[in-house]
Amino acid sequence: MKTKKDISESIRKVDSEEKISGRAPYTSDISIDGMLYAKTVRSPIARGTIKNIKLPKMPEGYHTVDASDIPKRNVVKMIYEDWPVFAEKDVNFIGEPIMLVVGPDKETVMNLADAVEIDFEEKDPVFDFKNSGVQLHFDKGDVDAAFERAAKTVEYEYETGYQEQAYIEPQGFVGYPEDGGYTLVGSIQCPYYVKNAVLDTMGEEEDKVRVIQAPVGGAFGGKEEFPSVTACQLAVALKKIQKPIKFIYEREEDMETTTKRHPSKTKMEAALDVDNNIIGIRSNLALDGGAYIGLSGVVLSRGMLAVTNAYTVDNLDVSGDVYITNTVPNGAFRGFGAPQMIFAIEMFIHHIAKDVGEDPFAFRKRHMVKQGDKTSTSGTFRDPIILSDMVDKAVEISDYHNKAKAYEDKDTFKGIGMSWFLHGCGFTGSGESDIIKAQVKLKKDDKDNVHILVAAVDMGQGPKTTFRKLVADLLDVPIEQVTFNYPDTRYVPDSGPTVASRTMMVVGGLLARAAKSLKEEWIAGEEQTITKQYKQPEYIEWDQDTMRGDAYPAYSWGVNVVEVEVSKVTYEVTVKNAWNIYDLGKAIDERIVLGQADGGQAQGIAYGYLEVMNHEQGKLKQKNMTDYIIPTSVDVPKMENHIMDNPYPLGPYGAKGVGELTLVGGAPAVALAIEQAIGRKVKKIPATPESIMELIDNG
Amino acid sequence: MVKHVIPKTYEEALDHLSEGTFKVLAGGTDLMVKNRSWSETPARFKQDILYIHNLEELRYIEDRGDYLAIGALTDYETLLRHEAVPQVLKDCMLEIAGPGIRKVGTLAGNIGNASPAADGVLTLYLLDAKLVIEQKGSAREALIDDVIVGPGKTTLSNEEIIKEIRLPKTRFTKTRFLKVGGRKADAISKVAFAGAVTIEDGVVKDLRMALGAINVTVVRLRDVEKRHIGETISAVQDNIVSIKNAYVPHIKPIDDQRSNRVYRKRVAFNMIEDFITTMHTQD
Chain A
6 MKTKKDISES IRKVDSEEKI SGRAPYTSDI SIDGMLYAKT VRSPIARGTI
56 KNIKLPKMPE GYHTVDASDI PKRNVVKMIY EDWPVFAEKD VNFIGEPIML
106 VVGPDKETVM NLADAVEIDF EEKDPVFDFK NSGVQLHFDK GDVDAAFERA
156 AKTVEYEYET GYQEQAYIEP QGFVGYPEDG GYTLVGSIQC PYYVKNAVLD
206 TMGEEEDKVR VIQAPVGGAF GGKEEFPSVT ACQLAVALKK IQKPIKFIYE
256 REEDMETTTK RHPSKTKMEA ALDVDNNIIG IRSNLALDGG AYIGLSGVVL
306 SRGMLAVTNA YTVDNLDVSG DVYITNTVPN GAFRGFGAPQ MIFAIEMFIH
356 HIAKDVGEDP FAFRKRHMVK QGDKTSTSGT FRDPIILSDM VDKAVEISDY
406 HNKAKAYEDK DTFKGIGMSW FLHGCGFTGS GESDIIKAQV KLKKDDKDNV
456 HILVAAVDMG QGPKTTFRKL VADLLDVPIE QVTFNYPDTR YVPDSGPTVA
506 SRTMMVVGGL LARAAKSLKE EWIAGEEQTI TKQYKQPEYI EWDQDTMRGD
556 AYPAYSWGVN VVEVEVSKVT YEVTVKNAWN IYDLGKAIDE RIVLGQADGG
606 QAQGIAYGYL EVMNHEQGKL KQKNMTDYII PTSVDVPKME NHIMDNPYPL
656 GPYGAKGVGE LTLVGGAPAV ALAIEQAIGR KVKKIPATPE SIMELIDNG
Chain B
39 MVKHVIPKTY EEALDHLSEG TFKVLAGGTD LMVKNRSWSE TPARFKQDIL
89 YIHNLEELRY IEDRGDYLAI GALTDYETLL RHEAVPQVLK DCMLEIAGPG
139 IRKVGTLAGN IGNASPAADG VLTLYLLDAK LVIEQKGSAR EALIDDVIVG
189 PGKTTLSNEE IIKEIRLPKT RFTKTRFLKV GGRKADAISK VAFAGAVTIE
239 DGVVKDLRMA LGAINVTVVR LRDVEKRHIG ETISAVQDNI VSIKNAYVPH
289 IKPIDDQRSN RVYRKRVAFN MIEDFITTMH TQD
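In the order they appear, the protein sequences are chains A and B.
Our numbering numbers the first residue of the first sequence as 6 and each following residue consecutively.
Our numbering numbers the first residue of the second sequence as 39 and each following residue consecutively.
These are calculated hints, taken from the structure and not from any lab test.
Note that the structure is predicted; figures quoted are calculated from it, not measured.
Careful, some of the hints might be misleading.
[Said to hold, decoys possible] Calculated cross-link-like contacts (lysine-lysine; reagent style PhoX-like; alpha-carbon spacing at most 20 Å):
#1 K643/A - K408/A
#2 K56/A - K128/A
#3 K643/A - K222/B
#4 K375/A - K359/A
#5 K626/A - K72/B
#6 K359/A - K398/A
#7 K408/A - K452/A
#8 K84/B - K419/A
#9 K191/B - K573/A
#10 K128/B - K41/B
#11 K72/B - K191/B
#12 K41/B - K84/B
#13 K398/A - K375/A
#14 K303/B - K573/A
#15 K581/A - K264/B
#16 K111/A - K282/B
#17 K628/A - K72/B
#18 K573/A - K222/B
#19 K168/B - K222/B
[Unchecked claim] To be clear about the criterion: a stretch of chain B counts as covered by chain A if any three or more of its residues have a C-beta under 8 Å from a C-beta of chain A, and this derived list gives those stretches:
#20 49-63
#21 75-88
Heads up, the beta-carbon is just placed ideally off N, CA and C, and yes, glycines get one too.
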């Protein structure tokens, strides 16, 4: 009997060659005879009412498409339904779509779009946090009693800025009429979100809308809910014009008008007993939702749930708000609310320790979560937690303690920072069983080739490879015998969106169950189809109204250590080294996981010190890749990543979530390193050279 | 309609310039970006364009004894590989954009574009670069300081073209190019500094400092530099406060999407001080 290779052993990514060679047909590569082009006419003001629209003389074959052409509902179906397909009367942010100009010649379309004259009655825009559109709250234990018996209290406020996903490929679709309905091919994360939104706007029968994923050039959450907006607009245009239409954003258009990570303000107040143990925390997380709420409420919820991160605190009072402002709507981005809160709590823990005169490392370790502890929402950490071993390993390979001591000498301008953190895998609470209800299919044809039928999208994170590897391994057949094509809603069931670090754990978990069934029932030369439906583990209990219970079925864990040097002349930060340890259950392909580790940390660290985006009166100031600074290979430090096995019983081969975990700890780790280097408390990210100068000056 | 002209020879290019009003496009790394349009549509140029990229006559580096002559179309990558190009200019060019842009971008284009944040221009100020500016029938030579007058503004007339850059040969005991961009590569300067010094037997024989992105043009104060020529190292260093004071009226940065004036100002003075205090040591 041959010994099977460990599933983690890396294989070549199945789509590397088509992507490196340029053969992969991205949305912009698609061309159809007679195809038209669509361009968006947008609001130039942050808030106002449309008084009058004057169109230029439209040549033959050129069209405008606006709210009056929408067959059913002028709202994009998302979690919260307030985002119009086209602005009809009121505009609420600079760049809000008002209409499309569609026609055969791009230059003419552009000139026509520029020639549309719109009169507005301007209103005072709101940019401050005063109009709360979503309020959430939960508590644990008795926080008031904890504060009453507190020996002391410590209070801080933390702030984070925008982050732009900066995917290489901008948003885009090509759509065409087909069989009396509409087919949309696009750069998307969630084929069924798009399909359901279009059905809802168009009032069409289920079989009239078909959505196909094209190869995706990066997404990072930016193609989770936003493509539903452009898809609905395009579907309206298709219905009116009945010709193929290409609808692709330009880079600046994309950066100025699509969703980003929510800027945030977090208030933290801790009650400490006489021995400096944290006995209670009160917290409020405020997110800037932008003009429409969309899925901001869910982002808020994930952020709030991370309030105690990987620490156990018995008494909590946690509230959160999404503030509506006249700015571009914010939305999904790798981490989904957690990066804001994990930055706040990691800094807060350090700041408490410093204020009470304790060594922050010892202080943190004393509060570290253990198996069996209650989560922030009074659920239970059921599975083994190996975080303490991970921290030990991180300390050892980074020489953390010696460096932390040496860098206390302020003249070195060097610092080392450590974050540790968790990330809940899959949808929050009972979302998987109540909302998503994922379904997967494995279809075997009469030649015994096995086809994976799921709606999960490979946006670079690897399921085209790892799903095939997983299924082939369980069926004990060569990987070439298993196919996984780009999802097409005509053929694949709704296995849920490609979000929330759920793809391998949840969708992969269902595929593993399907593969096991197929193997048992395997009849050579016969067509067979196996369908599996998501079932929530029975022990999971969640009350959405009180936000109490098990928020996630499983957690991935991580430790980041980052070392920096700050220039005394320019205040620039050089990130010298990073050491990272991750527990993601089991890697289905080690190299792919390490790729996530490298990229996630580059993005997470950059969120903490490099990536600056802000607006002036609702207009974003950094709107292209020249001004919005993301790290280059020269900026990214030397990284040493380790993956620890800690298999999760319900994940395939024990796999949990990966994608977001690798981002969420980067910002606090680099911020803590900078904090040590300059000897000042960092309470706001990104910690730019400009803000470092201010901190040095003013403390 | 905007006219697009591609001359076959340099002489022909001068003829066109004498007859029409053109924007001269060398590598196109600024003009194509400034006039960008919707993908798959032509750039939105607002005036006639003269494309000189194929004029091989302007692609040369020549050692002419007391100076180095650089043809206007010589790209950064070629300059980076040439042994006679001063190290401080190489240090600077290595931090300009990325390899792709450096393969087509030129110093002459950097001058023509006249951005206050242009790193190449900054270093040419430091090196006392002279420009050979030609039009049909005549040529003139001018110090770079006298050609660039403001953001995007030069003294070049419509008939004129930058033909050549001349770098006087000078040996320094220490040079420095220090740029603060938003990141470590492929970034536009928030503030930048170029410095050079020649010290013999503890006496300062030459001292130069140029600062970029802190005023409408590069700031180089030759009179301030001259004041200290012939002084000992410590005499110059003891005067750091007065040296910095001399720059005060000239360091007038702005707030923009890349940084703010307070930071730019502070870092500019830090850079001056750091160069002066370390001018006798190797970095």
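Comparing the hints with the structure gives:
no. : hint            : result
1   : K643/A - K408/A : 17 Å, holds
2   : K56/A - K128/A  : 12 Å, holds
3   : K643/A - K222/B : 15 Å, holds
4   : K375/A - K359/A : 24 Å, violated
5   : K626/A - K72/B  : 17 Å, holds
6   : K359/A - K398/A : 24 Å, violated
7   : K408/A - K452/A : 61 Å, violated
8   : K84/B - K419/A  : 50 Å, violated
9   : K191/B - K573/A : 35 Å, violated
10  : K128/B - K41/B  : 36 Å, violated
11  : K72/B - K191/B  : 15 Å, holds
12  : K41/B - K84/B   : 10 Å, holds
13  : K398/A - K375/A : 17 Å, holds
14  : K303/B - K573/A : 15 Å, holds
15  : K581/A - K264/B : 40 Å, violated
16  : K111/A - K282/B : 55 Å, violated
17  : K628/A - K72/B  : 14 Å, holds
18  : K573/A - K222/B : 16 Å, holds
19  : K168/B - K222/B : 30 Å, violated
20  : 49-63           : violated (count 0)
21  : 75-88           : holds (count 6)
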